[in-house]
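Trainee: Spelled out, the chains give:
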Amino acid sequence: MSKPMFKQDRSRPRTLSRRNMLRATAAAAVAPTLWLEGEHSSHAAESADDPRFLIVFAADGGASIIDSALAIRASESANAATLNTFEDSLVHTVRDSPFRAVDLDRNDLGSISVPVQTQQSEFIRNHHRDMMVATWTRTSVNHAIGQRRSVTGNEAWAGRSLQELAALTYGEQVPIPNVHLGGAGGFGARGTDESLPSWCFGETVSEPALWPLSLDGMRGLSRDLPRDLVSEARALRNDVLDPSSDFAKVFGESRRLQHWQSLRGEPQQRLESSGLLEKLLVFGHSEDYPIESYGLATNPESTRLREVFPNLDNDPFETQAAMAYLMLEHRVATTVTLGPSSDFIARGDLDIDFYGDSEMPADDAAQFAAGDIINPPLAFDFSHQAHRSTQAFMWDRVYKAADGLIRLLKAREFRNGESFWDRTMIVIASDFGRSKKRPEGAREFGTAHDLNNGMVVLSPMVAGNRVLGGVDPDTAMTYGFDPLSGEPRPGRTMTEPEIFAGLLQALGVDTTEAGLPDMPSMRRIRA
Amino acid sequence: MSLRFSSITFVVLLVACKDAPASPAPEEPAASSKPRVRAKNGRRFAQQLSAGLELSEDELCSELGLFDCVEEAHLVVMGGVDAAGLGVAVPLPVAPVTAPIAYDRVALSACFERVDRDFESPGDAAIFGALTESDVSQEAREGVVSELYLRLLHREATDFERETLCEFFTDTIVPHTPDSQEAHQQWAGLSCFAVATSVESLFY
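Protein chains in written order, with the numbering used here: chain C, 171 to 697; chain E, 1072 to 1275.
None of these hints come from the bench; they were simulated from the model.
These numbers were taken from a predicted model, which means no experiment stands behind them.
From the three backbone atoms N, C-alpha and C, an ideal C-beta is built for every residue, glycine too.
Treat the hints loosely; a few may be bogus.
Pairwise CB distance ranges, derived in the manner of DEER restraints [as the list claims (entries may be wrong)]: (1) S368(C) <-> S1217(E): 35 to 41 Å; (2) S368(C) <-> L1221(E): 31 to 37 Å; (3) P1106(E) <-> H500(C): 35 to 41 Å; (4) D219(C) <-> R1109(E): 37 to 43 Å; (5) L1221(E) <-> H500(C): 42 to 48 Å; (6) R397(C) <-> S1217(E): 40 to 46 Å; (7) D1242(E) <-> G685(C): 57 to 63 Å; (8) S259(C) <-> E1143(E): 46 to 52 Å; (9) K580(C) <-> L1137(E): 31 to 37 Å; (10) S1205(E) <-> H500(C): 32 to 38 Å; (11) E364(C) <-> D1242(E): 38 to 44 Å; (12) E1143(E) <-> D416(C): 34 to 40 Å.
A short list of chain C residues far from chain E (calculated; beta carbon distances all over 12 Å) [as the list claims (entries may be wrong)]: (13) A228; (14) S245; (15) L260; (16) A403; (17) F417; (18) E499; (19) S511; (20) Q555; (21) D573; (22) S655; (23) T682.
Modelling step: build the complete structure from the supplied sequences, incorporating the hints.
Mentor: Written out as structure tokens, the structure is:
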């Protein structure tokens, strides 16, 4: 048998130096009764048995923090009529929580005539203990750049993204450590540190309903093939025919060929041997999705998923959220990025065509019932046309998806009474904020992109039930906080590297080698 | 003058050939110092399979009988784009971990579709007609291997490749599948699969 022409690359740079470990151990000895979750996690970062999970919500188009957790009541502002402030009655405070919630009830989503009822307060009530808001000031109002910088801290660590670092730290033993559901835009852009192992980089899953079929070469085909014979044919191809061909002799050192051959080895065997195809099928058998006719069983969890995500069939965001849960639950991924589309999405049975081919009379097209519109065009960026209703609608969407994921992850035991949620962080990442002004007294208005904003993070590992920083009601601009204590610091703004560092540290990623600032205020302190 | 010169040259060459070794071993090709290859995306791969196996592109592979493997189910995994629908505007820069499996599925479906058709209608068989006889010879199997390489890789199979795939039949398929016709069907489909998903087939 010819010797293989291709090399396997599973090398992994170490992230925890001896010096760093000594430093962390010394810190723990100084404060034996208090430890910061991030410090603790860095000790265990090498262990596949002690993983953390990261979910990044790609809130495309500018999720404005002053339209959600830091909303401003008109009575609090000297410039209420010309700033993005709300009637006092619309801004709710949740008991025992510093967060605010905007509950809106109106009959339009900008130029789209549809009843819009949003309920941020219910989400805050249910999850405020694991919710943290950190203010920050961004460095770009360009969508793609802002998105990328939201997950790289403006290239704070050699261009590595949050997701790549989570994968590097916790993902070596899982089949696909870093998954991007959907396009993910700049939030899923590949980092620039080519020294990372290839498995750290994001794997794009563009079509969650069908993608699981690419997890097994034989199952679900139109005919039953003997698995062992197909495996023999693959081995013959990989180990005998390919290496002996002139093509491989000439081009065998090509990085692409070597990558291909490495994928055909252990990663492929791992995917196929773990039976992931059926475990990751979000939908059950139906006429439109006849999996059982192809020898595949309906995922027993599909009923539960449908209960939590009732729009699973119509809303790709809910499909992604269900898939994200399955990927973490089955330890397929360490980090998953998902987000609402920037396309207009209406209920599936509506005949709507905004490109001029619809037979629907204009009068009918103008009237929609509650729930008909699933996603406005441009997602959060529809705020250019209709800021108030778009922000309310989109925050409601994001909160509902997060709520579903949290409920599912809380209900699933990781081990020893600990849930998957206990080890998970949801980061609602956005490109930038939105401009703060409005025409005097306008009930609906358009906004532009703005550097000033804040971020919502949900996790038992972060400083829960806390606003880090604050907002000046007279300018609607957020201000920063002290990185150590978390005390508000009017006049200070938080940088992208600072928030990036705080998120990583809360997730248990050792950031020492990157020279990032220490941000203990963002981590949960346990007694 | 010119003709005379050519005749002398021919005689010299003839003498030289007579003294040369009878059958010099073919030289191993040198490894490229700049080995750059590109993967064929799903669409290009489908065109190649379609032409080689005499199947239309929509007959190659369909997931769940409803979703075209290349144009829909595995579009992005196989290097395609769908900016408007899926938000993927450029091909993935690096082959994803599921890509080899997706290519395998397409090739398995297409190859066995060809096998089914050829065995159902031997008179109209495109590739595997010789395997439908009651007594299939080693030469017939070698001929099928040659045909697969010509159709899918556009070159002659080497002796080694012919021998290797024929041994695959005797050493692996036959012990697993005693029925001769079924064994030849399995062998035909899997040989086709091995050639169609070789790196030589998937990259250029």
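Trainee: The structure should be examined with respect to each hint, and the outcome stated for every one.
Mentor: Cross-check of the supplied hints:
Remark: the range hint 35 to 41 Å for S368(C) to S1217(E) is upheld by a beta-carbon distance near 37 Å. At about 35 Å, the beta-carbon gap between S368(C) and L1221(E) stays in the expected band of 31 to 37 Å. For the pair P1106(E) and H500(C), the beta carbons lie near 37 Å from each other, so the given range of 35 to 41 Å is met. D219(C) and R1109(E) have their C-beta atoms about 40 Å apart, which keeps the hinted 37 to 43 Å range intact.
Range check, L1221(E) to H500(C): about 44 Å between beta-carbon atoms, so the 42 to 48 Å window is met. A C-beta distance of roughly 29 Å is found between R397(C) and S1217(E), which places it outside the suggested range of 40 to 46 Å. For D1242(E) and G685(C), the hinted distance range of 57 to 63 Å is satisfied, since their beta carbons lie about 59 Å from each other. Take S259(C) and E1143(E): their Cβ atoms lie about 49 Å apart, and the range 46 to 52 Å holds.
For the pair K580(C) and L1137(E), the supplied restraint of 31 to 37 Å holds, since their beta-carbon distance comes to about 36 Å. In this structure the supplied range 32 to 38 Å is violated for S1205(E) paired with H500(C), their Cβ-Cβ distance being about 49 Å. Checked against the hint of 38 to 44 Å, the pair E364(C) and D1242(E) passes, with Cβ atoms roughly 43 Å apart. At roughly 35 Å, the beta carbons of E1143(E) and D416(C) sit within the given window of 34 to 40 Å.
With a least CB separation of 10 Å from chain E, A228(C) falls inside the 12 Å interface cut-off, contrary to its annotation. Remark: the non-interface label on S245(C) is consistent with the geometry, its nearest Cβ contact in chain E lying 42 Å away (cut-off 12 Å). Every CB of chain E lies more than 12 Å from the CB of L260(C), the least distance being 33 Å, so the non-interface label holds. Distance to chain E contradicts A403(C) as a non-interface residue, since its nearest Cβ pair spans about 4 Å, not more than 12 Å.
With a cut of 12 Å on Cβ distances, F417(C) falls inside the contact zone with chain E, its closest approach being about 4 Å. Here E499(C) stays apart from chain E, with its beta-carbon at least about 19 Å from theirs, past the 12 Å limit. With a minimum CB-CB distance of about 7 Å to chain E, S511(C) fails to clear the 12 Å threshold, and the non-interface call is violated. Every CB of chain E lies more than 12 Å from the CB of Q555(C), the least distance being 20 Å, so the non-interface label holds.
Its beta-carbon lying about 24 Å from the closest one in chain E, D573(C) satisfies the requirement of being farther than 12 Å from that chain. For S655(C), the shortest C-beta to C-beta distance to chain E comes to about 41 Å, beyond the 12 Å cut-off, and the non-interface label holds. For T682(C), the requirement that its beta carbon stay farther than 12 Å from each beta carbon of chain E is met, with the minimum near 29 Å.
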